[in-house]
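A.B. asks: Same order as they appear, the protein sequences are chains V and C. Under my numbering, the first residue of the first sequence carries the number 243, and numbering increases by one thereafter. Under my numbering, the first residue of the second sequence carries the number 124, and numbering increases by one thereafter.
A few of these clues could be false.
Stated by the list, open to error - Just a few of them, taken from the derived set where beta-carbon distance is under 10 Å, the chain C residues facing chain V:
| # | residue |
| --- | --- |
| 1 | F142 |
| 2 | L248 |
| 3 | L253 |
| 4 | W257 |
| 5 | P261 |
| 6 | N265 |
| 7 | D268 |
| 8 | I272 |
Stated by the list, open to error - Within a straight-line C-alpha distance of at most 25 Å, the following computed DSS-like cross-link-like pairs (lysine-lysine) qualify:
| # | chain 1 | residue 1 | chain 2 | residue 2 |
| --- | --- | --- | --- | --- |
| 9 | V | K383 | C | K264 |
| 10 | V | K343 | C | K273 |
| 11 | C | K225 | C | K169 |
| 12 | C | K169 | C | K206 |
| 13 | V | K417 | V | K359 |
| 14 | C | K168 | C | K130 |
| 15 | C | K163 | V | K343 |
| 16 | C | K206 | C | K185 |
| 17 | V | K349 | V | K415 |
| 18 | V | K383 | V | K359 |
| 19 | C | K163 | C | K208 |
| 20 | C | K273 | V | K383 |
Claimed, not checked - What follows is a list of derived Cβ distance ranges for each label pair:
| # | chain 1 | residue 1 | chain 2 | residue 2 | range |
| --- | --- | --- | --- | --- | --- |
| 21 | C | L274 | V | M342 | 15 to 23 Å |
| 22 | C | P160 | V | R325 | 55 to 63 Å |
| 23 | C | F177 | V | M342 | 28 to 36 Å |
| 24 | V | T327 | C | Q216 | 45 to 53 Å |
| 25 | V | D386 | C | L195 | 17 to 25 Å |
| 26 | C | L195 | V | P358 | 30 to 38 Å |
To be clear, the hints were calculated from the coordinates, so they are not data collected in a lab. Think of the CB as a built atom: it goes at the ideal place given N, C-alpha and C, for glycine as much as any other residue.
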Amino acid sequence: MEEGGIKMDLNKGVSTNKMIFPGQVHETPDGGFLITKLDEVINWARANSLWPLIFGTSCCAIEMMSAADAKYDWSRFGFEVARATPRQADLIIVSGTIVMKMAPVLKRLYDQMPDPKYVIAMGACTISGGPFFYNTYSVVKGVDHIIPVDVYIPGCPPRPEALLHSMITLQEKIKNEAYFRKAKT
Amino acid sequence: MTNEELKNDIIEFSPAAIFDESGEFLNVIIASESLLPLMKELRSKKEFDFDYLFCLTCVDWKDHLMMVYFLLSKTHNHTIVVKAKISDTVNPQIESVNSIWKTAELNEDEVYDLFGVNFLNHPNLRRLFLEEDWVGFPLRKNYVDEHMIKL
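Please model the complete structure; the sequences and the hints are all you need to start from.
C.D. replies: The structure is reproduced here in structure tokens:
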């Protein structure tokens with residue numbers, strides 16, 4: 243039995259899919275099979291079907307929309323089901339400046355998202371306030387003052403490739419976490 | 124009307140007015156007390172007929188505040204900028220022009236919100252963008268709060 247990868251002779255003549263199946267496969271006498279490491283299987287599925295919340299507050303949102311379109315096409319990685327309601331979203335991409343007046347709204351949206359939930363802070367404004375760090379009365383200096391952030395993307399604004407990279411980084415993170423333990427906390 | 128004709132007519136009505144033509148438009152600088160009569164004249168007199176207030180804002184010059192009104196006449200196609208100097212920066216106040224141009228109502232709300240200028244005879248003077256309980260007026264040069272990081 244090969245650990246960490248599917249035994250290809252199980253699918254011989256059926257599949258040419260090169261994707262490595264996480265976990266182990268145990269053959270049973272009647273020809274069916276069991277899988278172990280349920281976490282990895284669930285995480286594999288979760289990581290490849292992240293549903294982002296539509297949330298854009300300024301110019302980074304334009305880059306985010308660009309990442310969704312045909313040229314960059316984030317649906318290649320399973321992000322295409324952008325939701326307009328936080329209750330159906332797994333991921334919030336905070337793309338744009340967050341001002342004091344927006345902060346409670348963002349917190350509320352985050353609270354309404356079902357667990358497990360993830361946050362990508364896109365661009366300089368959401369990391370630190372960026373160009374609005376000094377002499378401003380209205381801008382929140384870093385979105386991590388309001389909600390916990392999983393991945394930060396620098397840039398003003400970051401290119402769509404950078405957003406895709408951050409989402410793939412988030413997938414890596416999800417693939418390495420213990421789902422059931424996370425869900426309980 | 125040309126700028127010269129505007130100048131002559133305005134100086135007739137309000138002799139204390141100061142003119143500045145260095146910018147794109149003809150600027151008229153007056154004291155805040157004489158704002159309302161001049162504005163009424165600019166709106167109602169046939170030759171002026173400034174029927175469109177397309178910008179209303181304020182500038183903080185530290186020792187005084189300057190209200191700025193951009194007026195346009197759609198019939199005569201001439202433009203003028205009226206500036207009213209408010210010397211009292213501690214408790215600034217000026218007459219509202221919302222009775223002449225309705226659009227001034229929200230513009231004055233904004234100026235009140237960010238500069239703290241009190242508009243007399245304004246129907247509903249309130250904070251427009253900031254929260255109701257905001258302390259201070261952020262676009263004033265002397266504004267500070269605990270979140271602000273000075274460069």
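A.B. asks: Does each hint fit the structure? Answer for all of them.
C.D. replies: Here's how the hints hold up against the structure:
1. F142: Violated - the Cβ of F142 (chain C) stays beyond 10 Å from chain V, reaching only about 34 Å at its closest.
2. L248: Because about 20 Å separates L248 (chain C) from the closest Cβ in chain V, which is outside the 10 Å limit, the hint is violated.
3. L253: With a minimum Cβ separation of about 8 Å from chain V (threshold 10 Å), the hint on L253 (chain C) holds.
4. W257: With a minimum Cβ separation of about 9 Å from chain V (threshold 10 Å), the hint on W257 (chain C) holds.
5. P261: P261 (chain C) check passes; min Cβ-Cβ to chain V is 4 Å, inside 10 Å.
6. N265: 13 Å, violated
7. D268: 6 Å, holds
8. I272: Cβ of I272 (chain C) sits 6 Å from chain V, so the hint holds.
9. V:K383 x C:K264: With Cα atoms ~21 Å apart, K383 (chain V) and K264 (chain C) stay inside 25 Å; holds.
10. V:K343 x C:K273: Roughly 21 Å between the alpha carbons, so the hint for K343 (chain V) and K273 (chain C) holds.
11. C:K225 x C:K169: 19 Å, holds
12. C:K169 x C:K206: 22 Å, holds
13. V:K417 x V:K359: Distance ~14 Å between K417 (chain V) and K359 (chain V) Cα, so the pair holds.
14. C:K168 x C:K130: 14 Å, holds
15. C:K163 x V:K343: 38 Å, violated
16. C:K206 x C:K185: Roughly 16 Å separates the two Cα atoms, so the pair holds.
17. V:K349 x V:K415: 23 Å, holds
18. V:K383 x V:K359: 22 Å, holds
19. C:K163 x C:K208: Within the cut-off at roughly 18 Å; holds.
20. C:K273 x V:K383: Status holds; Cα separation ~13 Å.
21. C:L274 x V:M342: 15 to 23 Å: 19 Å, holds
22. C:P160 x V:R325: 55 to 63 Å: About 58 Å separates the Cβ atoms of P160 (chain C) and R325 (chain V), which means 55 to 63 Å holds.
23. C:F177 x V:M342: 28 to 36 Å: 30 Å, holds
24. V:T327 x C:Q216: 45 to 53 Å: Given a distance of about 47 Å, which is inside 45 to 53 Å, the answer is holds.
25. V:D386 x C:L195: 17 to 25 Å: Taking Cβ atoms as reference, D386 (chain V) and L195 (chain C) lie about 47 Å apart, which means the hint is violated.
26. C:L195 x V:P358: 30 to 38 Å: Taking Cβ atoms as reference, L195 (chain C) and P358 (chain V) lie about 57 Å apart, which means the hint is violated.
Going through the hint list in order, the structure does not satisfy hints 1, 2, 6, 15, 25, 26.
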